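Novice: Protein chains in written order, with the UniProt record's numbering: chain A, 1 to 669; chain B, 1 to 669.
Warning: the hint list may mix true and false statements.
As the list makes no split between identical chains, a pair holds if one copy fits it or if it spans any two.
To be verified - Taking lysine to any residue pairs in the SDA-like style, the calculated list, with each CA pair at most 20 Å apart, reads:
#1 Lys51 - Ser634
#2 Lys316 - Gly590
#3 Lys51 - Asn635
#4 Lys79 - Gln24
#5 Lys79 - Asp128
#6 Lys79 - Ala576
#7 Lys51 - Arg633
#8 Lys66 - Asp150
#9 Lys554 - Asn635
#10 Lys51 - Asp631
#11 Lys316 - Arg403
If you're looking for bench data, these hints aren't it; they were derived computationally from the structure.
A quick note: this is a predicted structure, and the numbers were derived from the prediction, not measured.
There are 2 protein chains.
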Amino acid sequence: MPAVLAMLATLLLVAVPARAADWQSVSSPDGRLQIQFGIEEGRAWYRAAFKGRPILDKSLLGFRFKEQAPLLDGLAIDKVARISADSEWQQPWGEVRLVHDRYRGLRAELRETGGAQRHFAIEFRVYDDGFGFRYELPRDGGMDRFVIMDEATEFAFAQNYRAWWIPAYRDNYSEYEYARSALSALSVVQTPLTLEGDGVAMAVHEAALVDYASMNLRTAKDNGKTLKADLSPWSNGDRVRGRAGLKTPWRVVMVADDAARLAESTIILNLNEPSRIADTRWIRPEKYIGIFWAMHIGRLSWNSGPELGATTERTKSYIDWAAANGIPAVLVEGWNVGWDVPEWWKNGRSRFRQAEANPDFDMPAIAAYAKAKGVSLIGHHETGGQVRDYLGQMEQAFDYYDRHGVRAIKLGYVGTRLDETEWPDGQYAVESFQKVVEAAARHRIAIFPHEPVKDTGLRRTWPNLMSREGARGQEYNGGSPDTGNSPDHTSILPFTRLLSGPLDYTPGVFAFDYRARRPINRVPSTLAHQLALYLILYSPVQMAVDLPENYEGKPAFQFIRDVPTDWETSRVIAGAIGDYVAIARRDRHGPDWYLGAITNGEARTLRLPLAFLDRGRRYRAEIYADGPGADWRSNPEAVVIRAQEVTAETVLDVALAPGGGQAIRFRPL
Amino acid sequence: MPAVLAMLATLLLVAVPARAADWQSVSSPDGRLQIQFGIEEGRAWYRAAFKGRPILDKSLLGFRFKEQAPLLDGLAIDKVARISADSEWQQPWGEVRLVHDRYRGLRAELRETGGAQRHFAIEFRVYDDGFGFRYELPRDGGMDRFVIMDEATEFAFAQNYRAWWIPAYRDNYSEYEYARSALSALSVVQTPLTLEGDGVAMAVHEAALVDYASMNLRTAKDNGKTLKADLSPWSNGDRVRGRAGLKTPWRVVMVADDAARLAESTIILNLNEPSRIADTRWIRPEKYIGIFWAMHIGRLSWNSGPELGATTERTKSYIDWAAANGIPAVLVEGWNVGWDVPEWWKNGRSRFRQAEANPDFDMPAIAAYAKAKGVSLIGHHETGGQVRDYLGQMEQAFDYYDRHGVRAIKLGYVGTRLDETEWPDGQYAVESFQKVVEAAARHRIAIFPHEPVKDTGLRRTWPNLMSREGARGQEYNGGSPDTGNSPDHTSILPFTRLLSGPLDYTPGVFAFDYRARRPINRVPSTLAHQLALYLILYSPVQMAVDLPENYEGKPAFQFIRDVPTDWETSRVIAGAIGDYVAIARRDRHGPDWYLGAITNGEARTLRLPLAFLDRGRRYRAEIYADGPGADWRSNPEAVVIRAQEVTAETVLDVALAPGGGQAIRFRPL
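Throw the hints in and build the complete structure from the sequences for me.
Specialist: In structure tokens, the structure reads:
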């Protein structure tokens, strides 16, 4: 096998025409990325090269089923259609307004030469920033219904690249820190899986996961560089239960020259379907505060009793504070019945009554008060992973919020198995989650789930699916559980988790004094780092997570007031995975640019050219920087605010403390 | 639990005297490292601080047994003895000649207040470069024989440090690349486990593992920062089968200001017993070539037939070449009967006849020829993991080598389970391996096992146990298996695997032309990087791994001729784990210094002060550097050799290509 792979890897470079008969080739519009698809010895394969060097050697395609024969051997090509597209579409909200959708591709119709003579298809789309392919399963040969037991799809990487990964088959999706290792050290991991080295940066992920199981990646035993699809199973071992003509999600390999370009990729969005929501004006990118952090740091509780956070009085005071401080929305957690531990659920029935407020929470009065103050409420549904129960309450619960003018909901799926039996990323999770997204859309309600199914770009089709957690968020720094995130974490996320979509990380910690109560918790960040996160960790909904009183009298809060949550365009200016990252974004509704830069635990100075600014224009840069002696370990709150004039020619020296950051607003003069 | 831990972590800093009653404290000789041991609520705990900051919070000590009650609760202190030592001892060979053994410690004698009223002891030794502790299990209370089912020992780290690790419970020990992640991302890992951050570098390992199971480390479920001991089990689930008064191996936490200092630690050696071999003159540090690499790159075979490597003619030609090129020894693999695949063993009997040469290999003639040429032979035993079988052949096999003047053996344990049932790092592996070490010593034979039990410093007690592989060695770059190591790998090993002891990595690849035969194999290294490895990856036996003909006419081979394998002293001059490392060593038998520096896939220039050189002395530096355009991916063989005069005041700019390195010999003028 090694020898064969090797030979083909070489041929890919020199001998493509000679094998055109059984190998079809398609290149990206810019010609740098080349995919080949072919049949050899009755099996379907693909391989890929970038800048003339192999990145994927011969990689298998196919399926094994529960009842039917495998769709793997004795295959032949019926016909191959060439496709290409070049268009531009607009996001209702996003990190960029206009997305360029340009690719070349091929659609291969295949048939079995023996057995049931089934017909199926594989479509490849090759973009400048990566490629995707998906299967269209047979409608013939007794495939009206089938159970996929194994998707044979391989990713046979050409080098032992450096990999950034999270193990699969743990608890809630992705609520772990990333590990970095050689590709050969993986066992089974989640996607996105990010790879770099040998002059290329890549990520393996999927797009448009709506009625299938999540794809994990498992190292093939005999070769540390070959990964294969590993679909999260149902509790009985089935991988996917499908019907005739099923189209799989797109299997995507994002490809770029370096990590910074990788983080700008739009291929995942492009491989999703256009919006199914005609009028999206009710979907509002916005900042919010909330009754939330006080629970995580142990001051208040979700439970009823004296420490209950969600009281009418407190909620009104949060609404007052939001109105007075230019924050358009307030989130309330723990307002409804069912939070009292230990019993969130019993006999498969959740205790959560999603349309019933606790006695201390006067929803009608609060809703009226918010409306009068011009502040919107963000609702909260915690399902405790009791999906069946939640689907039963959902319509009524959305009606309830509808009646009270609540247009957005934070949605929780805390728990290691759905309905105590199913993986939170298997087909059951994917399909039931999709029901929630579509029901919410019918009710004109936006959702941002925590503990979600991983993001695969569905926000294009369902723009009410605004953001997700699905990561170790800020809450881990607050004491839930009690291990804070590492100083590397926020410098890894833009190149890994964020490749899949927006992240509701909840930045904005200003006061670290909760450590008096939870001394072993640490936010491994300075205050300026927290400000920079509004640029670094993209989300259309951004929380100012700290307690309102902790923002009082803090001039640095001005940045949180100023920073937009919707963007005309975005540029990753600098980045080294796990070390540092700098991102500039332009306000979608004005001429101002914003820049955020962060480092990990190491202090460093970044030299950043401001070439993104309009040429010949002068700007006033309002700079929020780490103050003298700032250090996440000992002096996280030291911040200095200063202004200077800059142009597109300016190269800015951005000095970052250990765990530090810098946030800048550029206003044209 | 978090709150309690936190409170104690604080007390550790301020309130020690107030709790002297139940907490005994002991500090390192330099006072920077402080350990506390105590009993609270009847349980035994320890904690540690470095430079006044907690590094380990309250960590549990104790055991659970199969028959007897746990040794965990209802404990009280009988008496505490203070101990301290300050001595110096000499290694027969090593990276440093003299080792300073200086510590302060305490030995606590404990008893159960209830139950069987058993008595046992825990001893702590605190060095400037870390601390160790071990248990002495009861002789009373029906503990004449017992089975340990769980060692409760915890390591409750105070921060979510960055960790470098290899998963436990895979195949052969440590033959994986290291992963880097936050401590909170681990599941169960091997030791050494290296940690860094918050101004400290640490490693958890063990010393003097002779009659116990290897200690792995598992993350405690409820707290990502707390690890506990996880002993590799017997196939029936027993962890350790012990007798009254058993002393466990030392549990060691190496502690230093940074990774470079960590890599200089001698605590593992100091916690082993003095040499049991009186006259060690027959144990020779040396360089060797061998009939080995040609098999890995697919030119020759271990099997009989036309491609057999170990023939009389070829071995004599290797002996000639060694004699002519100043290499004192020649290794031969595949010389004996039993190599023919597929069947290395059958019905638990190995096919390997360790004292029977294959028909093409005339041992008496070869031995006489080697003797006449003044070249020593290095023998080879491959057990295929058939330990019982090997122990049965061992005496006869050592006699055979003895008769033919073979004083050193490379020892292989290829296979995922010993005797197809037991973990290669469980008590069975440890104890059977110890039998081999001691038998070899009786026969005055040195061994360097590959696929070994992990190194825990036993070379101090048994200096014939010279080196081990127990890592992804160079062989992985040659095609076995076909995934090469990553460019980061050699910059990680000095701070991880090498903390446990010498590594027989087999450096010295000069010709990369084998890629014509195995194109997907890569040595992720330049030629100068290969030279530097003789300094970076310490071993008293160092192979020049490439084919002799590939060294012909290569001026750079002079460095391999020159570089010693035995050192007066060693200094880690610079290092960042996974990025770069530079190490200087002084010849044990002369005034010359040598320096090796390597980088990972990134090009960089290191500024290295030569302060290690004798003050006021002038040296001629013979520099082997990456040549113009050197790059591991495209131009690995470009090397330039130049000389310059330097002194201890010189600061050298060491430019390293991608995957590059530099090797320097300093001769006094």
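Novice: Tell me, which hint numbers fail for this structure?
Specialist: Hints 2, 5, 6 are the ones this structure does not satisfy, whereas the remaining hints hold.
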